[in-house]
Every structure is written in structure tokens, then in C-alpha cells.
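> Spelled out, the chains give:
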Amino acid sequence: MTTLTKEIVGVSLDARGIVVNYDGVLAVQDVNLSLTPGEIVGLIGPNGAGKSSFMNALAGDIRVKSGVIRIGDRDVTRLAAYKRARLGMSRTSQKARVFDAMTVFEGLVTSVRGDAGASLTSTLRVGRAKAAEAAAAEKAWELLDHLGLQHIANNFGNELSGGQRRSIDLAMAVIREPSILLLDEPMVGVAPALVPALLKEVRGIAERGAGILIVEHALDVIASLCHRVIVMAAGSVIAEGTYDEITENVEVRRAYLS
Amino acid sequence: MQDFVSISLVYLGIYALSAWSLNLQFGYAGIINFGWIVFQSIGAYFAAVTSIGPMTSHSYQTYIFGSSLAFPLPLIVGTLSGAVLAAILGYIVLTRKIRSDFVAVIMLVVAIIALQVVTANVSLFNGANGLSGIPQPFNGVLHLSRAGYQWFYVGWLTVICIIVYLGIEWLCRSSWGRSLRAMREDEELATHLGINVQFLRLVVFVIGGAIAAFSGALLVEFLGAWSPDAWSFVETFVVFVAVYIGGRGNNRGAFLGALLVPVIFGVFPSFLPAFGYPGLSSTLQWIVIALLWLCTFYFRPAGVLPEGRLIVQREGQPDVSSMFRRGWQGSRKSLQSEGR
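Keeping their order, the protein sequence lines are chains P and S. Everything in the first sequence is counted per our numbering, starting at 1 for the first residue and increasing by one. Everything in the second sequence is counted per our numbering, starting at 1001 for the first residue and increasing by one.
Simulated from the structure, these hints should not be mistaken for lab results. Just so you know, even glycine gets a beta-carbon here, dropped at the ideal spot from N, CA and C. A hint or two may mislead.
[Said to hold, decoys possible] From the structure, some residues in chain P lie toward chain S, with a derived Cβ separation under 10 Å:
1) Met89
2) Thr110
3) Asp115
4) Lys139
5) Asp220
Let the hints inform the model, and build the full structure from the sequences given.
Okay, structure coming up:
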């Protein structure tokens, strides 16, 4: 399955008319998004605007009521989350998920190996598995080096600070070299000193061909990263454009920025 | 006295296999299988009926699938029966989005129902009286004394335990074992990494079920008899307590737990001279096991030998991690030194 992931490096994500509701409560109402390779799109809006619900729907964590999601030209609307991940989709969570009783290093290696590491048959091909593990370990060291986080390689997830958790969550998503990356508030609680390294990592993966959708309240992050910004309020898109365009928008100012 | 040592050692082997099987399911993968005993039991029954011979009109017991297969086959049939049962039950329960505590209750209910059905339905495995007269492998060939055969069985079980331990330990240290722990820690995150957690859970459930059935098959070949008394659902909790006390997620811990709980506090007292009124010693035994469990929770919540931590170091760099080390240092070797 890894070869399948490799084949689609640099694919587009296309969502049309996405509707999400929780037991009748409408969370996302007819939202469209297209994300091309290398593009960084910001998604902003007040709390409860449906940003995270929309992202969860894209990742396959919740079901859409209606609408179509495509990765490349493949319809993934009904595809399970792990299959979307195998197609090159990667995400971070608002909760900053890490494996609590596993070390940071193990988490990163697990992330690189993904479904191949969890497959009994590929584990039993000892020679090939060994080589893949060694390559994954090398990759993990490299990324920790980049981020200046080598000193927490052997820390358990539950020993990390809030900011460290978020960084490692992002690192686990980036290290998979995804073609589509969904980031849910990746900079919340991250120490200012670490932010530039993370931003560089995000920009770097976009330059290598990943399309990135980023939900963030820190507008300086949005301003510095995003090619395009979408503003949601009460489940719908109220504005779309460059950062400068949307900050000039009266409706956006009233709903979010004022 | 010789009996006491050899029988205790046989039970140690059986309970070690049991604890490893449950540790794989619960300690590593986080599946709370409160119906574990059913898997050991089905292995015992199938190994029994496939070695006991076909039922004749003179048979004093009734059972299904009666046949007399040559030596390793009953063990294999028993093991496979556990795997098949685990696959069926696992497919029904584990591939749905059911919370782990509900899974635990469902498994417990399955265990209770299975016990009732087998006890009530005499035509399956001879009901409440159970099966007896199950031939012991090689006993006819070796012409050993009773004690001699018991020691022979200790040796045979030791070989099996070493092989199973090495196999499980290798699996648990592999990327597959790491994925199990990842699934246990955060299912959703594991999903985002492309891991099919429902399938992974099913696979580990089947492997654990097969090992449980294997332990049952080995036990019934030693005892020569098996009845519903041997597998009331509380037996599951003995193994759970063993894994908890020894240390979940650590196969050496599971072995230690198997030695401490079912063998020292379970098998040993049955060799003590009787005291008090009948049933007093077995009641005290449960109280002691429960107290031991509570003390473990209080003093060593992760068990006597916890899972431990995989310490890695980049070659040629100072070990910066050492100042962040905390708590128990695991016995697992470094990822790099293992060359994985």
C-alpha cells in the first residue's frame, strides 16, 4: 500500500457542497474547497464556525451528510479515514494528539512506517522490515534535528508540555511526507522561539508539493503562510481571497476580526 | 512432594502461556477480553475430543467430533479452534465502533452464556460432568511412572514456553508490536497514520485466542480431564490479576505475574494441609489475591515489571536523553543497537 501512497505525491483535494450535521444540528453548510499541490490555504472564523467539523469531514473522521470529496480524481467521500491517510492525507488535531505511553521517537518512527509497520506480513519479511525501520529512524532523527527537539526524543508523550505536544503532533503529520496536510490550530500554545522552525517545516513541505489547509486563530501565522484564506461563520463560507482582501472585507470584520 | 513440584511447574507453564496471551491482547493492544477463559476452554475441549476416540455404545460420556488423532494433531486442532472462535467473535465485536469497556462486558456475557450452554447441553462436551479419560501423549510409548511422566511433561512444556516466549517477544518488539501500543494509546491518531485499527485488533485477538486455546489443549492433555468447573468466568480474572501485578505490556512481567498469582497463591495452597472448615483456604486464597492486587495498584500501579521505555541514542552524540529519564527504565534494548 505504500507504493500507492507514493504514486500520488502532489495531488489535489477537492470538496464540493459539504454538509455536516450532528443529530440535526447543522455544523457545516454547503462548503466548497479546492486545494492544489503546493498551495497553503487558511481557514479562519469565530469559534463554532464549523472549521474543525469541516476538517474532520475532509479527513474522514466524521461522515458528511451530503457533498463530494475527491483526492485527485478519486471519490473518497465514503472512504474510511485510514484509507484516506494511505492516499497521502495527513492531519494534526486540535487536541494535539501524541501517543502517551510511547516515546516521541517511537511515535515518529510509527508515523513513517504507517500501515506497513502495522502489517504482520511485512513485519515477517525481516530483511526488508529492518531496512525500512532503519530508514525511518534516520528520518525521525533528521526531523527532530530540524526542529531542535532531539532532547525530547526519549520522552513519553505524557511527559511533554502543551507546546511540545503540538510540535510533535505536527512532526508526526509532516514526517509522513503527505500530499495533503490538514492542520488544526497547529501553533496554539507553542513557544514563540519554536514557531519559526515549525513554520519553516510547513512551508518546506508545501514547496515539496503538498497542499495544506490550516485552521488557525493566530492571524500573523495565516498572513505569513497562506496563499489564500477562507472565512467561515455559522457553518458557511462568508469570504474568500488573499489575506489582504479578507481583512478589508466588511462582513469578515463584523463576524470575526472586529 | 515430588508431585507438588512437578505439578506446580506444569501449572506455571500453562499460566505463563495464558498470561502471555492475555498480555498480548490487553497489555499491548488494549483489548479488555473478559471472556478470555472461553478460548482456553475451547482449546481444551477440542484437543480432548480429537484424542479421546470416537463415541461408542459403551461410552460413559457423550461428545461431538470424537476421534483419535495422532499426537500433535489434537494440539493443532485445539489451537485452531481458539483462533476460529476469536476470528468469529472478533469480527462481530471488534470491527465495530464499540467502546472498549462495552467490549469487555460483551466478552464477559459471552463467557457466561458459553458456560451455561456447555453445562446444560450434555451432547456437546458431556455437560456438567465434563470429559475424562483423555489420553496423555506418549504415555503409552514411554512407559514412565506417574512422577516420571509429570517430569517429562514439565520438560516438554518448558520447551514450548521458551519457543512461544521468544516468538511473542520478537513480535512485540517489532514494528507490529509498536503499532499495537500505538493503537492502544490513541486509536484515532493511529488511524491518521494509515493504520487499519479494526483489522489490527482482529489479528491480535486471533493470535491471543490461539495461544489461549493452545494452553488449554496442553493442560487437558496433562490432566486427562476437563469440565465446566475448570473454566468459570472468574478464572479469567486470575489471569488478568497476574498480568496486572506482573506488569502489562511486559512479557517477563506477565511471567512473573503467572508465577505469583495463580501458582504461588492458587496452586500452592491446594497442597497445604487442610485447616479450618472446608472451603476456608480457597476463600482466603481469593482474599489474598485481591489484597495483592490492591497493593500493586497502590505501590506499583504499572505492575512489578512495567512496560519500560525504549531509549534511543544517535550514534556519536552525547546521551542528552539521560537527564530526562524518569521512573522505571525498561529492559528493552535500544532501537539502534537492535539494528531495527
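> Hint by hint, say whether it matches the structure.
Results of checking the hints against the structure:
Restraint check, Met89 of chain P versus chain S: the minimum CB separation of about 8 Å is within 10 Å; hint holds. A least Cβ separation of about 5 Å between Thr110 of chain P and chain S falls short of the 10 Å threshold, and the interface hint therefore holds. With its C-beta approaching chain S no nearer than about 4 Å, Asp115 of chain P sits inside the 10 Å limit, and its interface hint holds. Interface hint status for Lys139 of chain P: violated, as the beta-carbon distance to the closest one in chain S is roughly 13 Å, over 10 Å.
With a least beta-carbon distance of about 27 Å to chain S, the hint placing Asp220 of chain P at the interface is violated under the 10 Å criterion.
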